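There are 4 protein chains.
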Amino acid sequence: MTNLILDKAVAALLVVDPYNDFISEGGKLWGRIKAVAEANNCVPHMLQVLNAARKAKLRVFYALHRRYRPGDYETWKYIAPIQKAAWSHKAFEYGTWGSAIRPEFEPKPDEIVATEHWCSSGFANTDLDLQLKKHGIHQLIVIGLIAHTCIEATVRFAAELGYNVTMVKDATADYSNEEMHAALDINIPNYASAIVTTNEVIESISSLKP
Amino acid sequence: MTNLILDKAVAALLVVDPYNDFISEGGKLWGRIKAVAEANNCVPHMLQVLNAARKAKLRVFYALHRRYRPGDYETWKYIAPIQKAAWSHKAFEYGTWGSAIRPEFEPKPDEIVATEHWCSSGFANTDLDLQLKKHGIHQLIVIGLIAHTCIEATVRFAAELGYNVTMVKDATADYSNEEMHAALDINIPNYASAIVTTNEVIESISSLKP
Amino acid sequence: MTNLILDKAVAALLVVDPYNDFISEGGKLWGRIKAVAEANNCVPHMLQVLNAARKAKLRVFYALHRRYRPGDYETWKYIAPIQKAAWSHKAFEYGTWGSAIRPEFEPKPDEIVATEHWCSSGFANTDLDLQLKKHGIHQLIVIGLIAHTCIEATVRFAAELGYNVTMVKDATADYSNEEMHAALDINIPNYASAIVTTNEVIESISSLKP
Amino acid sequence: MTNLILDKAVAALLVVDPYNDFISEGGKLWGRIKAVAEANNCVPHMLQVLNAARKAKLRVFYALHRRYRPGDYETWKYIAPIQKAAWSHKAFEYGTWGSAIRPEFEPKPDEIVATEHWCSSGFANTDLDLQLKKHGIHQLIVIGLIAHTCIEATVRFAAELGYNVTMVKDATADYSNEEMHAALDINIPNYASAIVTTNEVIESISSLKP
Chain D
1 MTNLILDKAV AALLVVDPYN DFISEGGKLW GRIKAVAEAN NCVPHMLQVL
51 NAARKAKLRV FYALHRRYRP GDYETWKYIA PIQKAAWSHK AFEYGTWGSA
101 IRPEFEPKPD EIVATEHWCS SGFANTDLDL QLKKHGIHQL IVIGLIAHTC
151 IEATVRFAAE LGYNVTMVKD ATADYSNEEM HAALDINIPN YASAIVTTNE
201 VIESISSLKP
Chain B
211 MTNLILDKAV AALLVVDPYN DFISEGGKLW GRIKAVAEAN NCVPHMLQVL
261 NAARKAKLRV FYALHRRYRP GDYETWKYIA PIQKAAWSHK AFEYGTWGSA
311 IRPEFEPKPD EIVATEHWCS SGFANTDLDL QLKKHGIHQL IVIGLIAHTC
361 IEATVRFAAE LGYNVTMVKD ATADYSNEEM HAALDINIPN YASAIVTTNE
411 VIESISSLKP
Chain V
421 MTNLILDKAV AALLVVDPYN DFISEGGKLW GRIKAVAEAN NCVPHMLQVL
471 NAARKAKLRV FYALHRRYRP GDYETWKYIA PIQKAAWSHK AFEYGTWGSA
521 IRPEFEPKPD EIVATEHWCS SGFANTDLDL QLKKHGIHQL IVIGLIAHTC
571 IEATVRFAAE LGYNVTMVKD ATADYSNEEM HAALDINIPN YASAIVTTNE
621 VIESISSLKP
Chain A
631 MTNLILDKAV AALLVVDPYN DFISEGGKLW GRIKAVAEAN NCVPHMLQVL
681 NAARKAKLRV FYALHRRYRP GDYETWKYIA PIQKAAWSHK AFEYGTWGSA
731 IRPEFEPKPD EIVATEHWCS SGFANTDLDL QLKKHGIHQL IVIGLIAHTC
781 IEATVRFAAE LGYNVTMVKD ATADYSNEEM HAALDINIPN YASAIVTTNE
831 VIESISSLKP
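Just so you know, the sequences run in chain order D, B, V and A. The opening position of the first sequence corresponds to residue 1 in the working numbering, with each subsequent residue numbered one higher. The opening position of the second sequence corresponds to residue 211 in the working numbering, with each subsequent residue numbered one higher. The opening position of the third sequence corresponds to residue 421 in the working numbering, with each subsequent residue numbered one higher. The opening position of the fourth sequence corresponds to residue 631 in the working numbering, with each subsequent residue numbered one higher.
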């Protein structure tokens, strides 16, 4: 954590895909991430970071995956494998419990929910970059799911677009330890300026003047 | 129309902001555009172009302005004058009749509605470019409102991003003839490869093999 | 100028296309803008604003049009009218005097030159947004050429992307008064938060603590 | 290769960073990738794919990393770790042999070189997306360096932006087998519709009508 220095005027928390389908018992994909998520206390950690940010009055943003609606992909000429999978699983199906945000993570009225993303990056084809600019944000603390897809993609795009990124390594999860390792140890260190634990980031956030 | 050559494999119709607030009797902004819109038969022309496109099985896309929701702007540090005006007028207020699409222009199930735009361009901070790519589109026929704001912005962005644009000059309207002239005669000719009448574009569309 | 409040921590000057071909005697396009440019003292004003910014240690960025190189357009399937014109005129031809920056406007070593733009907006398909983010900039003072093409496009994109824009109305020029009027009086007021004179902006800049 | 179907009208080859510093004996980074690159014949394979594409008259594009120039990073407030490394190594230093393209890969006059990228993705803050659109391209065959940084980033961005991607798995290399595995086996399969060998892609390319 030696290199984690938060500047409250320009820092924000970014919560990625806290859907029931991912992180609630009974969610369509929970069974696939449960082992990794429980081993590192992912969901409680996510909540601790969110609560610390709210308490310190850090601004909070949400990046949410496209909720599946019939007709989304039928007419596409080109579709990536990960989108084919989303189409087939109907994960985050619009109007269902699975595509609702897990209740403890429900956005507050003054928190910003970006438009839904179609692939993995919270930035691609959404208003996330605009919303961050409109609030003067340059530094992002990132938590959420899945480490090697949406999280890594969002961290990569954030860095490519010019943001300073802090990754909270025990507030994310993945289908396997190998995928988690690829994201956290191989790729994200190139793009995130700090990779920290929940305890470390909470300590930093809590030291900010509210 | 000498330079209008449609290639059905890559052409689409783009309908911009056909909201009741703009183009229906009783809409919040209809009073301000009525004189120009009735002088050139804007709404009937928009409908004729849409129907011709549907009949020829041209793909149809919609670019829609952000429907106003309380909280949209309160936290922004930076806001453009046109966004301040939108905030003040509450045009296209979410959940109201004014922000519904005028019934004849209601998207069909296989037509694509891009995510809402926050300023004037249908491309900025939305998935419109993605959706066009996913359908292999390179050529856009543009109709809708308002000529010197959303229409001009969308045409400018389309050209900047690499699309070929056809503007239908009597299927748009504006608050005044001067603003209409600035859009159609001064600026759009730099970015749209063809500027045509409704009759001309319908003739071209109708000649396409369905 | 009532609404011009510069925040030095996030403000910068953006100079658009100060090429010899535009603003030097003998430039390919100087003849076409000379009447308007001399009537409002465009070039001396641009220089005064630049010098004031440098003196106040405001950060300075340059947005430059693609310098024409043979082969630029020959293979394109789609080309906008303004690009066809650029191809035909060979304005800003690479390696020639015309595509050199007029000497008084030559960037200093710590000033940032964005990659060249292909159409009108200094933001489209360039690294300008990245460079502004990397320097923490949110507020842009815009000067340069041509009012209704590159300047208006750059102002529109800046606003769409979330920047606060100040337009200096007598540090730009155009081919005609009508085009100048369309840019400065009809369109840019929707996107620029302040439209000021050179004297007004210099007064604001000079009041910043260096 | 079962899923590799090239459509010549919309397909192109994308060559990423064929700099001497990466792939020539004596290059600054060659020593670090040599073991992996020689094990899979990366450089000869890259050349075979390029030559097959040229012979079949597939369009060829180049995505090149920013060539280091003094002053590039000194003024940045925010810098990603991979950019700090680039700054420190001065890889691809402007004007040196290391930042020249290895001679066999030198672009031909009708091949398109995108503007240089500042981080890892060939798309971010460049004109690559524009150039692909201007040529009607939707399908990309990707070769070059380094697998888990620029290649993976470019493939991810291509998919996010709507392109169909084919990755040639033995025409890339990396610093270690583990990083190569993370890119080729863990991440890229989510975004590339086909992952093929050089032999497989050459067979497909060669079957296209020139």
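Just so you know, these hints were derived from the structure itself, not from any lab. All figures in this text were calculated on a predicted structure; none of them were measured in a lab. One should not assume that every hint holds.
[Unchecked claim] List of simulated lysine-lysine pairs, DSSO-like, C-alpha gap at most 27 Å:
hint : chain 1 : residue 1 : chain 2 : residue 2
1    : A       : Lys720    : V       : Lys528
2    : D       : Lys209    : D       : Lys55
3    : B       : Lys419    : D       : Lys77
4    : B       : Lys287    : B       : Lys419
5    : A       : Lys687    : V       : Lys629
6    : B       : Lys287    : V       : Lys497
7    : V       : Lys428    : V       : Lys497
8    : B       : Lys218    : D       : Lys57
9    : D       : Lys77     : D       : Lys34
10   : V       : Lys510    : V       : Lys475
11   : A       : Lys707    : A       : Lys638
12   : A       : Lys638    : D       : Lys8
13   : D       : Lys8      : V       : Lys428
14   : B       : Lys419    : A       : Lys638
15   : V       : Lys510    : A       : Lys658
16   : V       : Lys629    : V       : Lys504
17   : B       : Lys419    : D       : Lys108
18   : B       : Lys218    : A       : Lys839
19   : D       : Lys84     : A       : Lys664
20   : A       : Lys687    : V       : Lys504
21   : V       : Lys528    : D       : Lys8
22   : A       : Lys687    : A       : Lys638
23   : V       : Lys497    : V       : Lys477
24   : B       : Lys294    : D       : Lys84
25   : A       : Lys707    : V       : Lys497
26   : V       : Lys477    : A       : Lys687
27   : V       : Lys504    : V       : Lys448
28   : B       : Lys419    : D       : Lys90
29   : D       : Lys8      : D       : Lys108
30   : D       : Lys57     : B       : Lys294
31   : B       : Lys218    : A       : Lys664
32   : B       : Lys300    : B       : Lys267
33   : B       : Lys218    : D       : Lys209
34   : B       : Lys287    : B       : Lys244
[Unchecked claim] Sample of chain A residues with no beta-carbon within 10 Å of chain B, all distances over it, derived:
hint : residue
35   : Ala715
36   : Asp759
37   : Tyr793
[Stated by the list, open to error] Which chain A residues stay away from chain B? Per the calculated CB distances, all over 12 Å, these:
hint : residue
38   : Ile635
39   : Ala639
40   : Gln678
Backbone N, C-alpha and C fix where the C-beta goes; we use that ideal spot for every residue, glycine too.
Evaluation of the provided hints:
1. A:Lys720 <-> V:Lys528: Holds, at about 22 Å.
2. D:Lys209 <-> D:Lys55: Cα-Cα ~10 Å, so holds.
3. B:Lys419 <-> D:Lys77: Judged against 27 Å, a Cα distance of about 20 Å means the pair holds.
4. B:Lys287 <-> B:Lys419: violated, 51 Å
5. A:Lys687 <-> V:Lys629: Roughly 59 Å separates the two Cα atoms, so the pair is violated.
6. B:Lys287 <-> V:Lys497: violated, 41 Å
7. V:Lys428 <-> V:Lys497: Violated, at about 44 Å.
8. B:Lys218 <-> D:Lys57: violated, 53 Å
9. D:Lys77 <-> D:Lys34: Not satisfied, since the Cα-Cα distance of roughly 35 Å exceeds 27 Å.
10. V:Lys510 <-> V:Lys475: violated, 35 Å
11. A:Lys707 <-> A:Lys638: violated, 44 Å
12. A:Lys638 <-> D:Lys8: violated, 52 Å
13. D:Lys8 <-> V:Lys428: holds, 18 Å
14. B:Lys419 <-> A:Lys638: Holds, because 23 Å separates the two Cα atoms, which is no more than 27 Å.
15. V:Lys510 <-> A:Lys658: violated, 39 Å
16. V:Lys629 <-> V:Lys504: violated, 46 Å
17. B:Lys419 <-> D:Lys108: violated, 52 Å
18. B:Lys218 <-> A:Lys839: The hint holds at about 23 Å.
19. D:Lys84 <-> A:Lys664: violated, 36 Å
20. A:Lys687 <-> V:Lys504: Holds - the C-alpha atoms of V:Lys504 and A:Lys687 are around 26 Å apart, at most 27 Å.
21. V:Lys528 <-> D:Lys8: violated, 32 Å
22. A:Lys687 <-> A:Lys638: Status holds; Cα separation ~9 Å.
23. V:Lys497 <-> V:Lys477: violated, 45 Å
24. B:Lys294 <-> D:Lys84: violated, 41 Å
25. A:Lys707 <-> V:Lys497: Measuring from Cα to Cα gives roughly 40 Å; hence the hint is violated.
26. V:Lys477 <-> A:Lys687: violated, 52 Å
27. V:Lys504 <-> V:Lys448: holds, 16 Å
28. B:Lys419 <-> D:Lys90: It is violated: about 36 Å lies between the C-alpha atoms, which goes past 27 Å.
29. D:Lys8 <-> D:Lys108: holds, 19 Å
30. D:Lys57 <-> B:Lys294: Answer holds: D:Lys57 to B:Lys294 is near 26 Å, not above 27 Å.
31. B:Lys218 <-> A:Lys664: violated, 49 Å
32. B:Lys300 <-> B:Lys267: Roughly 36 Å between the alpha carbons, so the hint for B:Lys300 and B:Lys267 is violated.
33. B:Lys218 <-> D:Lys209: Violated: B:Lys218 and D:Lys209 sit about 60 Å apart, past 27 Å.
34. B:Lys287 <-> B:Lys244: Not satisfied, since the Cα-Cα distance of roughly 34 Å exceeds 27 Å.
35. Ala715: Label holds. Min Cβ-Cβ 31 Å, cutoff 10 Å.
36. Asp759: Contrary to the label, A:Asp759 does not stay out of reach of chain B, its closest Cβ about 8 Å off (not over 10 Å).
37. Tyr793: violated, 7 Å
38. Ile635: Label holds. Min Cβ-Cβ 15 Å, cutoff 12 Å.
39. Ala639: violated, 9 Å
40. Gln678: Fine: 29 Å to the nearest Cβ keeps A:Gln678 off the interface.
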